[in-house]
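Chemist: Those sequence lines, one after another, are chains A and B.
Residue 100 in the numbering used here sits at position 100 of the first sequence, and the numbers go up by one each step.
Residue 175 in the numbering used here sits at position 175 of the second sequence, and the numbers go up by one each step.
Warning: the hint list may mix true and false statements.
Okay, derived cross-link-like pairs now, BS3-like style, lysine-lysine, Cα gap no bigger than 30 Å in a straight line [what the hints assert, rightly or not]:
#1 A:K69 / B:K37
#2 B:K187 / A:K69
#3 A:K246 / B:K95
#4 B:K178 / B:K42
#5 B:K37 / A:K197
#6 B:K187 / A:K229
#7 B:K73 / B:K116
#8 A:K246 / A:K165
#9 B:K116 / B:K42
#10 B:K73 / A:K229
#11 B:K143 / A:K229
Sample of chain B residues lacking proximity to chain A, with all beta carbon distances greater than 10 Å (derived) [said to hold, decoys possible]:
#12 T36
#13 F72
#14 D114
#15 L142
What the hints contain is simulated information worked out from the structure, not anything from laboratory work.
The beta carbon of each residue, even a glycine, is placed where N, CA and C say it ideally should be.
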Amino acid sequence: MRVFIHFTGIIFIASLFSCEKTASDSASAAAPSNTGVGGSLTKFTIIGNYIYAVSSYTLYTIDVSNPAKPVNIGRTPLGFDIETIYPYKNRLFIGSRTGLYIYSIDTASAPRLLGQARHGRSCDPVVANDTVSYSTLRSSTTCGAAPSGLYIYNIKNLDQLELKKTISINDPIGLGMIDSALYVCCQNEGLKVFSIKDAYNPVEMQTLSNSDFIDVIPYHDVLICWVRKGVSLYDISNRLKPVFVKTIEN
Amino acid sequence: MKPKHSLVLIVLSLTLFSCWKYYNRNAHPIDFAGRTKVLGYKPIYGVETEAKKIAYTDTPQAAMSKGNIYAFKTYIFQLDPGFGIHVFDNTIPSKAHKIGFITVKGCAQISIKDDKIYTNSYDDLVVLDFSDLSNIHEFSRLKGVFAEYEYQSPIAQPPFRGFYECPNYTSFVVGWIKDSVYQYCYKN
């Protein structure tokens, strides 16, 4: 009996925890709730009072604490062919055609390089949390020659990002994560749903192949998808089993 | 012959060459490189003040080209790179629909905080007030902050696949029109 009570207690505590996780993770792509959530292919993000915007070679920092009077703080030179920016807590994850860069914005007005992982030339949007980052590399003619796929990095040690695993996928593009689910857009090959309960070892659960998927935003219980035909919505109250809701055509 | 003279001659002959090319382009269906004309797109240019004007309509517009998606409260936004921002009502996902379009020429990116949309119009950062849906308007602007090409000319390609006349990047491209063009620039 005592064991049973303990067990119930553990479940109860665990469920509390998982609720808290859900709440924070649904907004993970943008910490505070007064900010929206972007897709993984974006080059603009707002954290606190600052906009961080990337172009091919530069990270722009703009102070918008007074929206009536935005102030250009400065430009940080980056590597080459920057593609995307992804915010998580006080970090910026910047995907480029030559690698992944992680910047600290502890001093919000002066982003500082914390770590990087170089890879062969390829396009690579990224999503991440404290311990793991997922990048998709696609090696189409304009992007470069590195093998296409999902690249999983252990990012606990920022001095040395560790490539834990790669999963071969043809031309993946945008991606999104929420709780224990990772969604990878594979253009005309559909949307792959991975379980990331074991963060460094994603397990493919299913592929939705009724659309050309380009990018996704897991937004509370709705997966907002940029598809070739328009914008599609899926119910993801069951994270690993998206249920089609509707497509709003172009 | 003095070196100075030969230089003048070279420059002169280059000028002639460029005239010849120009002449050919206008008068003949084949240019100096042997390229033929095909049906494609020609850029429409505008003056800066017109090009950078913000406007909102509650009549949903068909998408020209497609770009980034963004979620904020019960709304979804989708960039139409170079042309503007489509606004969707997502209060009830099964009934989600487009509700309007914000014209922001030269736009490429979007982010939202506190009912303010941050986007770009060519090289400007533009802040739009979104607190009243019937009156989305320009709230402020930081001119010329995005110095790099990709922000200056996101509209520098037509929204459709095919050949187009390579635009003059120092002007503001505000749209594209079907016309016969030489096979130089190609949009995939």
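Chemist: Next, verify each hint and record whether it holds.
Modeler: Hints and how they fare:
With a C-alpha separation of about 48 Å, the suggested pairing of K69 (chain A) with K37 (chain B) is violated against the 30 Å cut-off. With a C-alpha separation of about 37 Å, the suggested pairing of K187 (chain B) with K69 (chain A) is violated against the 30 Å cut-off. Our distance criterion of 30 Å between C-alpha atoms is met by K246 (chain A) and K95 (chain B), whose separation comes to about 8 Å. Between K178 (chain B) and K42 (chain B) the CA atoms are separated by roughly 6 Å; this keeps the pair inside 30 Å, and the hint holds.
With a C-alpha separation of about 57 Å, the suggested pairing of K37 (chain B) with K197 (chain A) is violated against the 30 Å cut-off. With a CA separation close to 19 Å, the supplied pair K187 (chain B) and K229 (chain A) stays within the 30 Å bound. With a C-alpha separation of about 12 Å, the suggested pairing of K73 (chain B) with K116 (chain B) holds against the 30 Å cut-off. Restraint check for K246 (chain A) and K165 (chain A): the C-alpha separation of about 34 Å exceeds 30 Å, so the hint is violated.
With a C-alpha separation of about 34 Å, the suggested pairing of K116 (chain B) with K42 (chain B) is violated against the 30 Å cut-off. A C-alpha spacing of about 24 Å is found between K73 (chain B) and K229 (chain A), which places the hinted pair at or below 30 Å, so the restraint holds. Taking the CA atoms of K143 (chain B) and K229 (chain A), the gap is near 34 Å; set against the 30 Å cutoff, the hint is violated. The beta carbon of T36 (chain B) sits about 25 Å from the closest Cβ of chain A, which is more than 10 Å, so the claim that it is off the interface holds.
F72 (chain B), annotated as away from the interface, has a beta carbon of chain A within 10 Å; the closest lies near 3 Å. With a least beta-carbon separation of about 5 Å from chain A, D114 (chain B) fails to lie farther than 10 Å from that chain, contradicting its non-interface assignment. With a least beta-carbon separation of about 4 Å from chain A, L142 (chain B) fails to lie farther than 10 Å from that chain, contradicting its non-interface assignment.
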